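Chemist: Here is what each chain is made of, one letter per residue.
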Amino acid sequence: MSLFDLFEEPEPPAAAKRTAGPEPAANPAPDAAATTGDGVESASPLDPERQSDAEREPDPAGDATKALAGKPGRGGTARAADTARRIHSVSELTARIRTLLESSFVEIWVEGELSNARVWNTGHFYFTLKDAQSQIKGVMFRTALQRLRFKPQDGLRVVARARISVYEPKGEYQIVCEHLEPEGLGALQLAFDQLKERLGREGLFAPERKRPLPALPRKIGIVTSLDGAAVRDIVRVLRRRYPNAHLVIRPTRVQGDGSALEVARAITAIGTVAGIDVVIVARGGGSIEDLWAFNEEVVARAIAGCPVPTISGVGHETDVTIADFVADVRASTPSAAAELVVARKDDFTGRIDRLGERLTAAVVSRLRRLDTRLHQLVARPGFAAFPGRVALRGRFIAELTHDLADASRMLVSVRLRRLDALRRQLEAHDLRHRLATIRARLVAAEGSLEQAVDRQHQRARVRLATGLARLESLSPLGVLARGYAVCWNAERTAVVHDAAQLAVGDAVRVTLARGEARCTVTGTTPAPGGA
Amino acid sequence: MEQNEEQTGGTIQDFEAAIAELESVVRKLEEGDLALEASLQLYERGVQLSRFCHARLEQAERRIEILNERGELKDAPAGFDDEDDDRRR
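If you read the sequences in order, they're chains A and B. 519 is the number that numbering that gives the first Met the number 0 gives to position 520 of the first sequence; each next residue is one higher, with no gaps. 58 is the number that numbering that gives the first Met the number 0 gives to position 59 of the second sequence; each next residue is one higher, with no gaps.
The set of hints was computed from the structure by calculation and includes no laboratory data. Keep in mind the model is a prediction, meaning the values are calculated, not measured. Glycine included, C-beta positions come from ideal geometry on N, C-alpha and C. Any given hint might turn out to be false.
Here are the simulated lysine to aspartate or glutamate pairs, EDC-like style, with alpha carbons at most 20 Å apart [unchecked claim]:
id	chain 1	residue 1	chain 2	residue 2
1	B	K73	A	D276
2	B	K73	A	E288
3	A	K209	B	E68
Partial list, derived from the structure: chain A residues whose beta carbon lies under 10 Å from chain B [stated by the list, open to error]:
id	residue
4	V247
5	I351
6	L354
7	R357
8	S364
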């Protein structure tokens, strides 16, 4: 088929017909002329004019013999040619052509554009190389093709290193290509671009595929070579920033033939180790060839298929590999990859500590507000000018007031004790240093809280003492109207001011702002440390 | 204390959830005109969360293992650790 393709072109058919013409003349080789001897004339049959002359010659009868004697006529020509011409079989001719071509074109470089590029299922690659005027068939055998890093495809301008080969059974010649490189771009760059384009189209680099790194990795998987600087860098950074990190290293070759497959296998293997929740894929700096494994599809696929999030750290800052595009997070170097994993720990330690500080500060401020309210309550005019125009005795009112202040104080101190207990829990933990300042502040706050209550209490006492004089003339109803109640014993002869005075089942009377209630005690709660 | 923790709040899911809850507890407390009792309950929960987070931060085991081709995990040879290197130098 390819032979026809070739011969149907305008140029080759002419040549083909010429070679198909009477034998010796067809052979352009100099030795052909020599073997034909006197056959200088033998070229004449090919010349239409001469041929017709020769055909016309016999017509004038008188000239016929002269013509026969003087010049070789048709018969003469044929006889002369018979001795002169050497008739080849097709095989012989083809073999000669083959020898000629194959020995003349042992190693040639040829450039052109690829078309009809196709890899057959034998693994061999067939194509046509063409330019504006000509084209030539070509083949690249499987082993040579496998060494190519880019994918040769239609339309690509290439430079091929090749030899000519003639396939005798079909009389075809073609170039057998040993090496192919893209024109312009380097082969590696082209391979990179091609794979990037293809995987990109597949959506492997899509932002929505990117998984967040775990806030705090349990075990960190590392895929790299044990010999390189990368593993040292990573371990050093992790030890510095996350001393108790648990690392699992899956060693692999990271350069050379077959390394891509090894890296891919390592990624797949480490992704399934129990407890590993992030994987660093790393390699130290090197040339683009050294880093090449990380530009191979098999590695890209392994990263994309890794069940846990991945961080790539390949080469130096300026190196970008396909692995970087597929990984969930790209780090510029192996050290940077390690920093990305543990920077989070640093962040969180600070964050938790700040939250702890704010937590305590918020509660302290809450207690301060309570203190202020207590303050205001005790300082209220109604309270200060405690009503006295009443059947209650001054001493008793004083006691009542005292109890109230005590109870309030107790309320606060109970909370303070609880706060203290909680704070100790917080301290018991590893916050010691961070919280030292907080603790100091808390102690100070506590102190001032108690002082404030004390002061307030003191002031209330003074006010009460001075107010007592006026008590008798004031109505207690105002107090009762604000919701206070007075609890009496059943006989209404004494006011109850300690729950300890009561037993379950006791009857009491409670004087309210309006009216009185008779009540039965169903339970008592003694005041801890109370009056 | 363990009991206390269980009483005060639900189980803590994981580190990230704990951090998020701690943040919300602090916010509530800071905003809060909450009742005193509620404030203290929140505080307790906050302390608990903070302790959990710190514990979790320290939980990872300081260790380096090598996963070999047969899928076996072995401790890395002594001296692999950088600190050991430093000590030797």
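Chemist: For every hint, state whether the structure bears it out.
Modeler: Consistency of the hints with the structure:
With a C-alpha separation of about 19 Å, the suggested pairing of B/K73 with A/D276 holds against the 20 Å cut-off. A distance of roughly 32 Å separates the Cα atoms of B/K73 and A/E288; the hinted pair therefore is violated under the 20 Å criterion. The hinted pair formed by A/K209 and B/E68 fails the criterion: a straight-line CA distance of about 28 Å is larger than 20 Å. The interface hint given for A/V247 is met, as the beta carbon of that residue sits about 5 Å from the closest beta carbon of chain B, less than 10 Å.
Checking A/I351 against chain B: minimum C-beta separation of about 5 Å stays under 10 Å; hint holds. Given hint, A/L354 at the interface with chain B, holds; its Cβ is 5 Å from that chain's nearest Cβ, closer than 10 Å. Given hint, A/R357 at the interface with chain B, holds; its Cβ is 5 Å from that chain's nearest Cβ, closer than 10 Å. Interface hint status for A/S364: upheld, as the beta-carbon distance to the closest one in chain B is roughly 8 Å, under 10 Å.
Violated hints for the displayed structure, listed by number in ascending order: 2 and 3.
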